[in-house]
Amino acid sequence: MPPVNDGPHDASVEARPDGPGSYPGCPATVAEATARGEVLRTPQWGIGSAVMSIVAAIVLGLAAAIPLLLLDAPLPVTALVGTVVPWIGLAGWPLIVTRLRGNGPRVDLGIRLTWSDVGWGVIAGVVGLIFAGIVAVITQAIAGDFSSAAGEIAVELREAGPFWALLVFAIMVMVGAPIVEELAFRGMLYNSLRKRGVGAVWTIAITTVAFSAFHFEPVRFFLLLPIGVVYGWVRWKTGSLGASMVAHGVNNTPAALVVLLGVPEMTP
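Counting from 1, one number per residue, gives the positions in the sequence shown under this note's numbering.
The hints are simulated quantities; they were obtained by calculation from the structure and are not laboratory data. A quick note: this is a predicted structure, and the numbers were derived from the prediction, not measured. Check each hint, because a few of them may be wrong.
Now the in silico label distances, taken between C-beta atoms and shown as ranges [unchecked claim]:
#1 Val126 to Glu156: 25 to 33 Å
#2 Leu71 to Asp145: 41 to 49 Å
#3 Gly82 to Trp115: 35 to 43 Å
#4 Gly144 to Leu69: 41 to 49 Å
From the three backbone atoms N, C-alpha and C, an ideal C-beta is built for every residue, glycine too.
Using the sequences plus the hints, can you model the full thing?
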């Protein structure tokens with residue numbers, strides 16, 4: 001796919017260093033590593049690796065669900081293990097492949113967290129909440145009341161106990177999911193598309209659709225779209241995966257608090 005003209009914007013928005021490991025739209029960490037004199041190599045991972053991480057998450061999730069159901073495992077075990085196991089593919093593969101075939105996840109995926117990243121992340125997270133609220137009202141008017149898979153699990157955990165399982169699940173929603181999902185979508189997938197020459201607009205669109213579809217919740221698909229756009233935009237704006245992780249965390253925090261309060265909620 002040929003590069004798409006992204007339109008005029010400040011050249012500092014996306015890193016454009018020269019040399020191995022660099023490409024239009026690569027993370028700001030690449031330019032920073034080059035400025036420090038680090039010797040980088042051209043990453044040998046790409047779209048195939050991004051697809052593999054998502055497929056691995058789905059396969060591992062199914063592989064974990066079958067024995068848990070057959071053994072009739074306790075709900076806390078089913079909920080926590082069933083959530084964590086897919087993360088091995090979703091986040092584990094990007095961390096491994098960038099180390100084996102690139103410059104490591106910190107440089108290749110843009111894992112950085114400056115005060116500027118935090119600030120932009122908080123702003124993007126709040127904007128995402130506003131957009132999600134608007135779309136939620138429209139969706140509810142069309143489809144009626146709806147919840148999320150995470151919200152339903154939270155209700156069951158509250159009814160079955162113990163409280164520690166509910167607390168761990170809430171932390172996973174607020175902290176774990178933002179880190180893991182951003183590594184896969186705004187990290188590996190985003191950068192693999194940009195490395196192939198796909199323009200920023202199309203990259204944000206593709207990663208947003210993939211992110212929304214990955215949740216396998218048709219009613220919430222359109223709710224997740226504007227959120228995904230905001231996460232993609234802040235990754236583009238800062239060149240930092242840390243910023244999109246913060247935005248994702250801010251967006252998930254109200255849902256995590258709702259999990260602890262025991263009210264079914266739409267959890268991104």
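Against the structure, the hints come out as follows:
1. Val126 to Glu156: 25 to 33 Å: holds (30 Å)
2. Leu71 to Asp145: 41 to 49 Å: Taking Cβ atoms as reference, Leu71 and Asp145 lie about 33 Å apart, which means the hint is violated.
3. Gly82 to Trp115: 35 to 43 Å: holds (36 Å)
4. Gly144 to Leu69: 41 to 49 Å: At 29 Å between Cβs, range violated.
When held up to the earlier numbered hints, the structure conflicts with 2 and 4 and fits the remainder.
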